[in-house]
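Could you put the whole structure together from the sequences, leaning on the hints where they help?
Next come the chains, spelled out residue by residue.
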Amino acid sequence: MKFDSKINKGPLDLRTVIGFFHTHLLYRDHAALTDVSFTVANGEFVCLTGPSGAGKSSILRLITMDLLPTEGQVIVRGMVSTNMNRRRIPLLRREIGYVFQDFRLLEDRDVYQNVQFAQVVVGISSKQMKNNVMRLLTQVGLWDKRHRLPHQLSGGEQQRVAIARAMVNSPKILLADEPTGNLDPVVAQEIIDLLFRINTGGTCVVFSTHDHEIVKNFGQRVIVIENGRITSDEEHKTAASTAHRLADRMYRPSAPQPAAVRVQEGSERA
Amino acid sequence: MKFDSKINKGPLDLRTVIGFFHTHLLYRDHAALTDVSFTVANGEFVCLTGPSGAGKSSILRLITMDLLPTEGQVIVRGMVSTNMNRRRIPLLRREIGYVFQDFRLLEDRDVYQNVQFAQVVVGISSKQMKNNVMRLLTQVGLWDKRHRLPHQLSGGEQQRVAIARAMVNSPKILLADEPTGNLDPVVAQEIIDLLFRINTGGTCVVFSTHDHEIVKNFGQRVIVIENGRITSDEEHKTAASTAHRLADRMYRPSAPQPAAVRVQEGSERA
Amino acid sequence: MPSKTQIGYLLRESFAGFARRKLTTGVTILIMGSALLILALFTIVTLNLGSLLETARGGIDLRVFLHEELGAQREAELQPRLVVIPGVQSVAYISKDMALRELQAQLGDEVDIMTAVDTNPLPPSYQVTLSPDARTAAAVERIEQEILLWPEVQEVVYAQRWVEVLERWNSVFRLASLIVSLVVFAAAVFVISNTVKLTMASQARLIEIMKLVGATNWFIRTPYLCEGMLQGLLAGVIAMGILAGTYSLLRSQMDGLVFFTPWQMVGFVLLCISLGLVGSWAAIRKYLRT
Amino acid sequence: MPSKTQIGYLLRESFAGFARRKLTTGVTILIMGSALLILALFTIVTLNLGSLLETARGGIDLRVFLHEELGAQREAELQPRLVVIPGVQSVAYISKDMALRELQAQLGDEVDIMTAVDTNPLPPSYQVTLSPDARTAAAVERIEQEILLWPEVQEVVYAQRWVEVLERWNSVFRLASLIVSLVVFAAAVFVISNTVKLTMASQARLIEIMKLVGATNWFIRTPYLCEGMLQGLLAGVIAMGILAGTYSLLRSQMDGLVFFTPWQMVGFVLLCISLGLVGSWAAIRKYLRT
Ligand SMILES: Nc1ncnc2c1ncn2[C@@H]1O[C@H](COP(=O)(O)OP(=O)(O)OP(=O)(O)O)[C@@H](O)[C@H]1O
Ligand SMILES: Nc1ncnc2c1ncn2[C@@H]1O[C@H](COP(=O)(O)OP(=O)(O)OP(=O)(O)O)[C@@H](O)[C@H]1O
Ligand SMILES: [Mg+2]
Ligand SMILES: [Mg+2]
Chain D
1 MKFDSKINKG
11 PLDLRTVIGF
21 FHTHLLYRDH
31 AALTDVSFTV
41 ANGEFVCLTG
51 PSGAGKSSIL
61 RLITMDLLPT
71 EGQVIVRGMV
81 STNMNRRRIP
91 LLRREIGYVF
101 QDFRLLEDRD
111 VYQNVQFAQV
121 VVGISSKQMK
131 NNVMRLLTQV
141 GLWDKRHRLP
151 HQLSGGEQQR
161 VAIARAMVNS
171 PKILLADEPT
181 GNLDPVVAQE
191 IIDLLFRINT
201 GGTCVVFSTH
211 DHEIVKNFGQ
221 RVIVIENGRI
231 TSDEEHKTAA
241 STAHRLADRM
251 YRPSAPQPAA
261 VRVQEGSERA
Chain L
1 MKFDSKINKG
11 PLDLRTVIGF
21 FHTHLLYRDH
31 AALTDVSFTV
41 ANGEFVCLTG
51 PSGAGKSSIL
61 RLITMDLLPT
71 EGQVIVRGMV
81 STNMNRRRIP
91 LLRREIGYVF
101 QDFRLLEDRD
111 VYQNVQFAQV
121 VVGISSKQMK
131 NNVMRLLTQV
141 GLWDKRHRLP
151 HQLSGGEQQR
161 VAIARAMVNS
171 PKILLADEPT
181 GNLDPVVAQE
191 IIDLLFRINT
201 GGTCVVFSTH
211 DHEIVKNFGQ
221 RVIVIENGRI
231 TSDEEHKTAA
241 STAHRLADRM
251 YRPSAPQPAA
261 VRVQEGSERA
Chain W
1 MPSKTQIGYL
11 LRESFAGFAR
21 RKLTTGVTIL
31 IMGSALLILA
41 LFTIVTLNLG
51 SLLETARGGI
61 DLRVFLHEEL
71 GAQREAELQP
81 RLVVIPGVQS
91 VAYISKDMAL
101 RELQAQLGDE
111 VDIMTAVDTN
121 PLPPSYQVTL
131 SPDARTAAAV
141 ERIEQEILLW
151 PEVQEVVYAQ
161 RWVEVLERWN
171 SVFRLASLIV
181 SLVVFAAAVF
191 VISNTVKLTM
201 ASQARLIEIM
211 KLVGATNWFI
221 RTPYLCEGML
231 QGLLAGVIAM
241 GILAGTYSLL
251 RSQMDGLVFF
261 TPWQMVGFVL
271 LCISLGLVGS
281 WAAIRKYLRT
Chain U
1 MPSKTQIGYL
11 LRESFAGFAR
21 RKLTTGVTIL
31 IMGSALLILA
41 LFTIVTLNLG
51 SLLETARGGI
61 DLRVFLHEEL
71 GAQREAELQP
81 RLVVIPGVQS
91 VAYISKDMAL
101 RELQAQLGDE
111 VDIMTAVDTN
121 PLPPSYQVTL
131 SPDARTAAAV
141 ERIEQEILLW
151 PEVQEVVYAQ
161 RWVEVLERWN
171 SVFRLASLIV
181 SLVVFAAAVF
191 VISNTVKLTM
201 ASQARLIEIM
211 KLVGATNWFI
221 RTPYLCEGML
231 QGLLAGVIAM
241 GILAGTYSLL
251 RSQMDGLVFF
261 TPWQMVGFVL
271 LCISLGLVGS
281 WAAIRKYLRT
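Protein chains in written order, with our numbering: chain D, 1 to 270; chain L, 1 to 270; chain W, 1 to 290; chain U, 1 to 290.
You can trust all of the hints, since none of them are fake.
Over the 10 Å line for every Cβ pair with chain D, so calculated as not near, a few chain L residues: (1) Ala31; (2) Ser170; (3) Asp193; (4) Arg221.
Ranges of calculated distance between the beta carbons of each label pair, as one might list FRET restraints: (5) Ile242(U) / Arg28(L): 38 to 46 Å; (6) Val157(U) / Arg101(W): 20 to 28 Å; (7) Lys96(W) / Leu175(U): 47 to 55 Å; (8) Ala138(U) / His67(W): 45 to 53 Å.
No more than 35 Å apart at the CA atoms, straight line, and that leaves these computed lysine-lysine pairs for DSBU-like: (9) Lys130(D) / Lys22(U); (10) Lys172(L) / Lys4(W); (11) Lys172(L) / Lys130(L); (12) Lys216(L) / Lys216(D); (13) Lys130(D) / Lys4(U); (14) Lys286(W) / Lys4(W); (15) Lys145(L) / Lys172(L); (16) Lys216(L) / Lys145(D); (17) Lys145(L) / Lys4(W); (18) Lys130(L) / Lys22(W); (19) Lys4(U) / Lys145(D); (20) Lys22(W) / Lys145(L); (21) Lys4(W) / Lys130(L); (22) Lys172(D) / Lys127(D); (23) Lys286(W) / Lys286(U); (24) Lys145(L) / Lys130(L); (25) Lys22(W) / Lys127(L); (26) Lys22(U) / Lys22(W); (27) Lys127(D) / Lys145(D); (28) Lys4(U) / Lys127(D); (29) Lys127(L) / Lys4(W); (30) Lys145(D) / Lys22(U); (31) Lys172(L) / Lys286(W); (32) Lys145(D) / Lys286(W); (33) Lys216(D) / Lys145(L); (34) Lys286(U) / Lys145(L); (35) Lys286(W) / Lys22(U); (36) Lys4(U) / Lys172(D); (37) Lys145(L) / Lys216(L); (38) Lys286(U) / Lys22(W); (39) Lys22(U) / Lys4(U); (40) Lys286(W) / Lys22(W).
No lab work stands behind these hints: they were computed from the structure.
Heads up, the beta-carbon is just placed ideally off N, CA and C, and yes, glycines get one too.
Following this line, the structure appears as structure tokens:
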């Protein structure tokens, strides 16, 4: 490593949750990221967009410290990539919710267990766990399919399980890698609304998508990455707040209520 | 089974490659498809669209005889779901190319081997095999990443490998399940062009997507499926042929030539 | 008819499990080899014990002690009567003098019993050798009972207990051999099947995808069957090699040791291969149910 | 500090492998049980052989034959000289008459040697009993050589060859025990490790996802370690159960059979558990390298 371990010379903004400082990432001989620098403040909603293979997923993997940068520095919630205790990585990850591009569900556990699982790892009490799972599965519209195994779900349904799992721990940072790639426009909009809602609650959201068009209409901060370099990083603060309010209003509270669903389940079994 | 094994009472059109006749599909107690009937003629290009969980993937799985209908009949290239020899299923599948929604690549084999694999199963000669793989990987723009393992590729790149694999055997039927879900608009358009091209060569293509909007502009036959039922089945023949010609013209023959790529690869290694 | 590329593929895949799981495969072969070694050892010990028993039974002779006062005439008359008893092969007369010389030989040089004795206290006797088929505890008992009824006979002595012990041990050993063989068979099949399962578990997706791409069940199966058979072959060769090596070392020291014939050795290795086949078949079954 | 839900989860997962792979786990436990049974058997045979050797050595007495013409005076003088030899425990005089009675007892009732003999040909002798620490082939040889130098002594006789054979067998058996133990140890660890590997191979994705979701290495590891230990425990209990059952059947028939003490049994089971632990640890290592 050519760089000093203290690359970030200036004082760190206390509101900064994620910081990339001249980050380079090499996969063996392939340069996936070149000199990427940006910071994300607490509570921000950031869209990450760019063509296939641009490096979006790589950025998200750097944030969870699943990968470490070849050069430069990544700081996430005070954890510095160049100078850290590997044993503390699990603790960082518990504060991050990650919607993987390929879902990564547990194939041999049902929907309920998949969502619950993320909480067991963290060690949440049994009762609270149940409430959380119920709330999130209801929000993504899968409460009545909670006993299905992943392979018994359609692609879009699997994606929604992945989203519920990422959100269940009320993470401080939510990383969503193409969370709507397999969803039809209606459901996709619902998921995006959900992301906005969780963002309103103070969670920092990084939303990665290949489709620049969708993102433009959000009116949020958009980071465009092409061929491993950031080519644009624009904020649309005014539009953003509008979109926010819009999303909040648009969000349908008519999703099936857990209680009602329970009755339904009973009748199904009868 | 309540139905007669010979449901298809009328004479089968000789040009029919895929026929669904009052097909019902139950997953245990969940009705995924209800009374679905349609036929696809030889050389047709059919778009299958509908919201998440509508039953698109289920229809494709019925076509490969990975699933059999609970009621009704599916006939694919003369093979009748209600009256067939299970040992002949592999032979049917060799004539079908399938781009799976979740890619299903072999994680421990590189890109080249993944594409080659479909041909080994069929038993194609070694030399022809090499040419086919080279041609297709070049078309999807992954020839220079042919030695990568799937997990070393971005989501969109993996999707393109799956597309190359499905096409490599010059199948009679190509089933593409959300083949552009992880691709940016530019690459997605290239893939769609590729599908049109292969269709022009006489292959019957079934293109499934959650996005009604994309499909409307194709001007092809569009089957809309909602909640397991076909709600619309419209042909736009005039527009279709236009789109065809347009796609052919638009298709860029400037994709890197294998020979040039080989030199590049050599220099990379040096 | 598989094409050339397919055969190449199948061969490569058959060795892929070996290459990817060197340690596991190696230890599998070693464990299976040891198991088969035990099997072969038991077989050989059983063979040798059998031939030992044959030899030992040669020593099951009866000693018929006669009353003192019979006289040469009546003593001689007994010989033809003994010979005609079914199961008797030959008969030898041992006089009182010969008996004394026997005792002298047993007591050793330090004691001169020949000059010490006044009158010879040892009775005359007949040494009765049995035919091979009569050398069982039951037959000997029968003959003894018959002879004991004769008034001329004082006592019949033979190594009855020893025969019985040897016979019991032999049958116990045969049974043990059988049980050990079955256990070892099961263990060998299990270990191989588990190793093939490991290969398959890591390739569950491969198998699923092969099916979807149009591979026949035989195409999917073949590499795993080959892998199992190869493991069986190697294990068998190792076991047989160790055994043959040990035998050629011991041969000079232990006379009359029985060993496998070359054909039996080939048969043993073939058995090992088929154990491997059964093991991998058991592992595969689950995956090809549909 | 794991929470209650976590403990519940870990316990459930520890049994999940059992539940999902009943046959494999069952056979693993049986194979490991048989291996451990062999181990325990060898240990017990070694123990018994040791105690048998102890008993047998009690029979290593020297018989010192004297010259005939010594007379009672010189014969009696030898007794204190023999007793002071290091390693000698006690000494008993056997007169010519006593020797003849011994011979009579050996020859049986049919022969009346007492009346048959004119002059007693048997020499007088001393029966020398050794102290326990002198009951080795080497010590006996030393004492024999010393006594043989005395002019009064004609010959010294003892079961030298038998002691040597017993000693050699004992050491061969100890070595065999050790080798078998090591092989069995390795096999048991391997079989368990392979079964845990099977569980893990089918859960490679689970492990990967756990890491990404923030599970610590210990959280990931624990269920697999428990699975291995549980298999070890069951195998050990089965092996010990079979052994104890067989012992209680045999105890009435074979006297003086040595068996494990309760603490040794507990120790054996603990050993089995740790074998399971080592096996599963070996299986896990690979997955937690990063
Ligand atoms: N493990 C790896 N080894 C080598 N190269 C890799 C690896 N992972 C990703 N790459 C390469 O790095 C580049 C960026 O990958 P990344 O997954 O970040 O792209 P992306 O922006 O998420 O693309 P997509 O929208 O297709 O998912 C791609 O060209 C990919 O081929
Ligand atoms: N193996 C299964 N067992 C039970 N239900 C299933 C199974 N597979 C699919 N389903 C259900 O059947 C319905 C149709 O599934 P299908 O995968 O065909 O949907 P889709 O149209 O492909 O959706 P998407 O666009 O989200 O991929 C869904 O509601 C799904 O939950
Ligand atoms: Mg990506
Ligand atoms: Mg689908």
